[in-house]
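Going down the list, the protein sequences come from chains A and B. Here the first sequence stands for residues 21 to 132, where the numbers follow the working numbering. Here the second sequence stands for residues 90 to 204, where the numbers follow the working numbering.
These are calculated hints, taken from the structure and not from any lab test. Check each hint, because a few of them may be wrong.
To be verified - The list that follows gives simulated cross-link-like pairs (lysine-lysine, DSBU-like), each with its CA atoms no further than 30 Å apart:
| # | chain 1 | residue 1 | chain 2 | residue 2 |
| --- | --- | --- | --- | --- |
| 1 | B | K146 | B | K159 |
| 2 | B | K148 | B | K191 |
| 3 | B | K191 | A | K100 |
| 4 | B | K191 | B | K145 |
| 5 | B | K148 | B | K159 |
| 6 | A | K99 | B | K191 |
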Amino acid sequence: SQTIHQWPATLVQPVGSPLSLECTVEGTSNPNLYWYRQAAGRGLQLLFYSVGIGQISSEVPQNLSASRPQDRQFILSSKKLLLSDSGFYLCAWGRDGLSPQHFGDGTRLSIL
Amino acid sequence: TQLLEQSPQFLSIQEGENLTVYCNSSSVFSSLQWYRQEPGEGPVLLVTVVTGGEVKKLKRLTFQFGDARKDSSLHITAAQPGDTGLYLCAGRANAGGTSYGKLTFGQGTILTVHP
């Protein structure tokens with residue numbers, strides 16, 4: 021069966037520090053991968069998606085970037101965090117663009 | 090830009106009551122998914138509906154996709170405290186072009202079922 025892992029579960033970072041959140045998927049190959057941000061337990065905003073290694077599409081202009089160095093690894097990064105980057109970040113995978121998406125347990129990011 | 094309006098935003102009911110959550114849009118979706126999320130966890134997929142007019146049942150939960158594939162509803166019969174959580178609908182744009190695979194999420198319904 022397929023599983024998705026995100027870490028860390030929680031992170032507290034000072035303003036201006038760098039960020040790296042990692043997401044890995046097991047049990048499938050060449051999945052579509054997604055990064056979302058969720059504000060205060062509400063709807064999800066798509067940040068990035070990837071259909072293959074090295075292929076990243078950005079949905080909204082922002083202070084964050086994403087990379088996919090390996091087939092089942094998706095990384096969310098920032099060089100300098102802003103206060104507005106605080107939130108709950110979710111990684112998801114789908115078998116392809118038509119299949120349901122399955123989510124990791126998220127990372128709670130707090131910027132001080 | 091496709092939007093999904095989800096209502097109500099908050100729902101607080103007593104155990105045993107019935108409830109309905111709605112998702113509406115002016116856009117057509119190729120499919121629509123419903124998720125349930127608990128605090129500190131990721132959303133868990135409940136169901137996917139793909140055909141206009143489709144009705145799916147999952148125990149006490151009934152999901153319906155509108156005939157025109159622009160709206161959907163989730164009905165819970167005899168709600169229980171274990172049903173408490175955030176319910177999210179998410180519509181998928183038609184495959185192809187730049188919208189391939191992307192989901193548009195509603196703002197969610199926070200359901201609290203009191204014992």
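Do the hints match the structure? See the list:
no., hint, result
1, B:K146 with B:K159, "holds, 20 Å"
2, B:K148 with B:K191, "holds, 29 Å"
3, B:K191 with A:K100, "holds, 28 Å"
4, B:K191 with B:K145, "holds, 23 Å"
5, B:K148 with B:K159, "holds, 25 Å"
6, A:K99 with B:K191, "holds, 26 Å"
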